Amino acid sequence: MSDDLILELKGITKIFPGVKALDQVQFQLRRGEVHALMGENGAGKSTFIKVITGVHRAEEGHMYLNGQEVHFKGPKDALEAGIAAVYQHPTTYPELTVTENIFMGHEFKKNGLIQWRAMNQEAKKLLDRLDADFKPTEEMGALSVAQQQMVEIAKALSTNAKIIILDEPTAALAANESQRLYRIVDQLRDEGVSIIFISHRMEDMYRVASRVTVFRDAHYIGTYDVDKITTPDLIKAMVGREISDMYPKPDVEIGKEVFRFEGMTRTGYFKDVAMTVHAGEIVGVTGLVGAGRTETLEAVCGITKADSGHVFVDGKEVHIKKPADAMKAGIVLLPENRQTQGLILRWGLGDNVILPIQDELAKGPFKVKNEKKERELSKKYLEEVDTKAVTIFDPASSLSGGNQQKVVVAKALVQDNMKVLIMDEPTKGVDVGAKAEIYSIMGDLAKKGYGILMISSEMPEILGMSDRIYTMCKGRVTGCLDRRDATQELLLEMSMEKGNNEKKEAAE
Amino acid sequence: MAGKSGREINAVPQNSVKQKILSWEGGLVIIFVAVLILGAVISPTYNFFSVFREMPKYLCEIFMMFAMGYILIIAEIDISVGAIVCLAATLGCFAGNAGAPLAGVIAVCIGVGFLAGCLNGVILTHFTELPSMIVTLGTQIIFRGIAEVSLGSGGSVSMSNSKIIMPLATMVGPFPLVFFFVAIAAVIFIFSLSRTTFGRKLYAVGSNHTAAHYAGIPVQKIRMICFVLIGTMAGVCALFYLSTTFGANTTTGQGYEMDVIAMCVFGGIATTGGKGNLIGATIAGFTIVCLRIALGQRNINTQLILVIIGLLLIISVLIPRISEVLGNRKRRAVQG
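Sequence lines, in order, name chains A and B.
Going by my numbering, the first sequence runs without a break in its numbering and finishes at 508.
Going by my numbering, the second sequence runs without a break in its numbering and finishes at 336.
Just so you know, the hints here were simulated from the structure itself, not pulled from any lab data.
Computed from a predicted structure; not experimentally measured.
Backbone N, C-alpha and C fix where the C-beta goes; we use that ideal spot for every residue, glycine too.
Do not rely on the hints blindly, as some may be mistaken.
What the hints assert, rightly or not - List of simulated lysine-lysine pairs, BS3-like, C-alpha gap at most 30 Å: (1) B/Lys-57 x A/Lys-373; (2) B/Lys-275 x A/Lys-363; (3) B/Lys-221 x A/Lys-321; (4) A/Lys-363 x B/Lys-221; (5) B/Lys-221 x A/Lys-373; (6) A/Lys-249 x A/Lys-447; (7) B/Lys-221 x A/Lys-367; (8) B/Lys-275 x A/Lys-367; (9) A/Lys-367 x A/Lys-419; (10) B/Lys-221 x A/Lys-316; (11) A/Lys-322 x B/Lys-275; (12) B/Lys-275 x A/Lys-388; (13) B/Lys-221 x A/Lys-328; (14) A/Lys-380 x B/Lys-163; (15) B/Lys-221 x A/Lys-372; (16) B/Lys-163 x A/Lys-322; (17) B/Lys-163 x A/Lys-305; (18) A/Lys-372 x B/Lys-57.
Stated by the list, open to error - From the structure, some residues in chain A lie toward chain B, with a derived Cβ separation under 7 Å: (19) Gln-28; (20) Met-327; (21) Gly-330; (22) Thr-340; (23) Pro-365; (24) Val-368; (25) Arg-375.
The shape of chain B in the complex, shown without the other chains:
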């Protein structure tokens, strides 16, 4: 049934191959390949097998990156996740040392993450005027504080029986077990965001939470889900962290929150909400992981790695601005 004027509105989606290649994700793939080539050039031991072998210790952050993508898309931020990893790993380690089996350690790590996420979520959904930056800054200090108190004067704990956690560190062919878990998480998170109505609700909340509320979307419930999700993923991260380090200390998880935010932003997710997707973030995450492995194999110290990642981040947020400026200049020149 057309309107009075009989005007037709086109509803055929247009996705050209050219557009896909020119997109942000296309650019990321190129950078990813460039990083692999760079790795092979600078390190003689950099190859398919060594990359996967060394991957586990870097990979655990990726779990949180997916959830951080959701958090940023709803225009929030969670900077307490590094501290949650520390707390969950510490308590998980204690549980193992107290004689808990693998299932117990898993339950403690994930449970601690879940509860920490709940705390963030409850505060933010009950006092909606508080900014998540400040609330999670506060809980970050609390979580790390609890971890440090329980670690005591030594400031560290190690697994007395590392066999408990070893099943998580097994290799399946050339691939570490954690890689499969990351892959499963990637599929679930990417699919939910891009293909389900839940994903669209995240974008709605992040783009305009008032309009989302008027459209019947349970804005506070969505915020709660996202914060619980990222807390839980921090617990998962802690678990796989334990499986590579067999212990925790006061610096565990330090800077993880910034790493995962950097991966998301590098992957094209805007911190202002409503923009970007997890496919880009996933490629960006793996790019950084592979870069770290390459630089690590050359024994380039970690501080320099941070500088490089910082530069990548700044460049990635500048590129859209630069292309915008160039585009305007071109347009002006045409009108001349």
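Chain A with its partners taken away, still in its complex shape:
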């Protein structure tokens, strides 16, 4: 099968106003292989996928399907040719049923009537093939992201797709859900489907792919056998430079306790959660999606209300009723979703950064904006986190994911009474170069004596950066491990349903 190519692209160039999004790139997909496509944000992966699926038309280049040159005029042509894409954020109709979503656009019809029974049966067959644990008649909106993704895959299969493109499928999944996705990918491959797998996660690539193609700055860098390329070499191919230390965890002397909360309870979300953070300490919080990690910490920060619980900063109890109270107490939250929670995308970077402290800088009883000071401070902190931007007036929407995240970090740092930084999935959707920079900022903050609490579903990051790791499951803390004792397997096990009490005790 070595050179049985199902899809080949040569010399693809795509130009958008002012930018070359793809410059003479090539790609070869063998029949029945899982081929990873990697590169930093902005490397051109998404554009490339859109060229394959007929959304964009390339200015130059050729595309061959089964050896025959093809020209897609639109997404429909690609679908008919057996190419389907599953995007990171499922683009579904939440009010409709699973069946309706699967057959949207290609319903079974007879005399103009929709054949519901036949469709439901076919949907059930597809879902069974994926080993899904939900019914075709369920409403889409009631499903988890992972389940919605399965529907999207089922939809791809329903069109008899021979090539399936998965665009960052694991970005929104927890570890166990990713495992399940891997198994589905394996199974599809065994059934003869060829898969292009886009991901930022190294673990994804090692687990599912046999070959990997790397793009950088709109150029094709190379295609490698997964079992022959080392991680540092791959990172170098993606970033264009060597990253000597992905997780620059500094050796910091852990100081006294800066932050503690206990008895945090909100019925239906989390129960009796307690955590402690010391000065200079990076504490990881892991668990499956839905374990209540974000919910708990958002309640601690006053974003939502807890039924009960006590929060202490520097040993003194603080009463937090609203987000401003937490900020006043020195607790800063870096929210999970930087685009909807962390930033006002159409605003300039500077206005975003100083938003939490504008009242403190303001002059006089009428709180007149101190624009000069605001500009100075936002410039200082944006430079400190090394944001790739031209001016502080650039709209936040114009930056890449990694740089947007740096702006959110600057927005946290500008609060100079900060004592604890709570980071919720700080590197989600961030490319590897910017990831390393965010880790290095975390390390610097720990050195300066801040306490850091990091929620993350990415095991390498949790294991690489944390001094101590809490695991949560179903709204409860199921254990706390020192970094020396933690392994991926142990953490996963503690995150699973039967949070093992012996292990917890053994660890403590």
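The hints should help you fit chain B onto chain A, whose structure is shown.
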């Protein structure tokens, strides 16, 4: 302290004169001047003095326009203000007829507006999932209903002693008193929006209320303030309405909410929130007032005035779209 790469980020603001003239407000000034010229052409009596003399009856809406600007910027809407004007004017009139002095009438009008705004605000901040369009549609019917019930079968009330309210209708030189109040309101509202942190909070709430909440901005408090503010301004509007009409009836304030929304949108404020400013809205408001005076002097009937204002509104929301399309076409042509 620069980052590891030592990259510098420019923080010098750039405001060129050319940009200012080409802005939306610049265009509005041109339209405003065009309306004045048009007025002078079509009506021989249209001049500085006659415009100011006739201004009071149109000017009272402008009070609400400022607050409506805030409401639209936080991505809400209030369509109950016309009904609040009706209710406040009615009750204010009753108060005067019952023997209350000017201060009493002022208190009743503004108090009714304040309470009506509070009602809208309380409902919207306690049931945050409700859209303001629907809630204020409901309260609009309630407010107008109360007004109509209290007006009784005649459907109107007039001031038995119009002397009470006359001090508000005095002229200071060529200017009506209400003009100065509008000017003061304009300064306060424009300054708060553009120069204070409160103004930025309005834009934050309107652009992304979730991010605003995470940044520690009291989103519900801001919404409450804005709805109370617009209710209160509707009360002020009712007061000056009384000072020009000396009475109220069931159609009082009808369509005012649409007038002020139209002024705001014409002035460049987006109904989707977070965009626009009150300088544009103020120019737009005065443009419409001056246009009305001109058409009124020619005895052009009010329905036609509405058609013209409607057209202005549609054109004003289309202009950005048209320039966008033209810009794209130009860009494509360059790449050709």
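Structure versus earlier hints - violations, ascending order: 1, 14, 16, 17, 18, 19, 21 and 23
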